[in-house]
Amino acid sequence: DVVKIKAGMPVYFTTLGEPDRKYHATLRQINPAPASIANDSASSSSSSSSSASSAVYYNALFDVENPDGTLRIDMTAQVSVMLKQAKGVLTIPAVALGPKTRDGQYMVRVADGDGMPAPRKVSIGINNGATAEVLSGLKEGEKVVVGEGGAAAAGSGGGGGRGAQVRIGGPGMGGPRR
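For what it's worth, my numbering labels the leading residue of the sequence shown as 1, then goes sequentially.
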């Protein structure tokens with residue numbers, strides 16, 4: 001998915017020493033990593049997967065403020081690139097999504113007036129695997145059923161509702177920006 005990453009995209013990262021502190025920046029450049037980095041990473045991996053040796057590595061360059069001197073050369077960091085984002089949209093937990101229909105919509109179960117689940121088609125926009133943006137088919141305040149137990153989750157709070165931010169990306173690329 002590296003072809004989707006371009007200069008100017010927002011990024012954030014955390015370090016192993018401070019996993020709860022996010023540093024924000026803008027991607028300046030992305031280039032293939034030197035062969036020595038790829039070889040070092042492949043040889044130090046204890047993975048038995050045959051695909052580990054075929055991984056392609058990239059260097060992403062971005063500038064970040066470091067006023068307290070916390071960041072040091074060669075620190076390990078988990079970097080996330082924001083591929084897409086939507087603010088002020090209706091969202092639901094991604095686990096509420098049922099199978100995709102032939103017309104590209106998804107089935108969800110919506111609690112009716114008696115609290116009983118009823119199937120309904122919805123159109124989904126950005127889906128980061130945790131939260132999905134609802135383009136049509138639901139209204140704010142309706143409750144979607146999550147899981148087999150029939151518990152309904154309102155479109156607000158943990159993972160849903162208007163005002164939540166919905167972002168998508170590869171592993172480690174998502175979540176609300178702070």
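No lab work stands behind these hints: they were computed from the structure.
Watch out, some of these pointers could steer you wrong.
[Stated by the list, open to error] Cβ pair distances, simulated, as ranges:
1) A130 / V64: 21 to 29 Å
2) V56 / M116: 31 to 39 Å
3) G147 / S123: 32 to 40 Å
4) P99 / M75: 40 to 48 Å
5) M116 / A7: 47 to 55 Å
6) G125 / M75: 31 to 39 Å
7) A7 / I73: 18 to 26 Å
[Stated by the list, open to error] Simulated pairs of lysine-lysine, BS3-like, Cα-Cα distance not exceeding 25 Å:
8) K22 / K100
9) K100 / K121
10) K139 / K121
11) K87 / K121
12) K22 / K84
13) K87 / K4
14) K84 / K121
15) K6 / K84
16) K22 / K4
17) K87 / K22
18) K100 / K139
19) K121 / K4
20) K84 / K139
21) K121 / K6
22) K84 / K100
23) K6 / K22
Note that beta-carbon positions come from the ideal geometry of N, C-alpha and C, so glycine has one too.
Going down the list of hints, with the structure as the test:
no. : hint                    : verdict
1   : A130 / V64: 21 to 29 Å  : holds, 26 Å
2   : V56 / M116: 31 to 39 Å  : violated, 50 Å
3   : G147 / S123: 32 to 40 Å : violated, 22 Å
4   : P99 / M75: 40 to 48 Å   : holds, 43 Å
5   : M116 / A7: 47 to 55 Å   : holds, 51 Å
6   : G125 / M75: 31 to 39 Å  : holds, 35 Å
7   : A7 / I73: 18 to 26 Å    : holds, 23 Å
8   : K22 / K100              : violated, 35 Å
9   : K100 / K121             : holds, 9 Å
10  : K139 / K121             : holds, 12 Å
11  : K87 / K121              : holds, 23 Å
12  : K22 / K84               : holds, 18 Å
13  : K87 / K4                : holds, 21 Å
14  : K84 / K121              : holds, 24 Å
15  : K6 / K84                : holds, 12 Å
16  : K22 / K4                : holds, 22 Å
17  : K87 / K22               : holds, 19 Å
18  : K100 / K139             : holds, 20 Å
19  : K121 / K4               : violated, 29 Å
20  : K84 / K139              : holds, 23 Å
21  : K121 / K6               : violated, 34 Å
22  : K84 / K100              : holds, 21 Å
23  : K6 / K22                : holds, 21 Å
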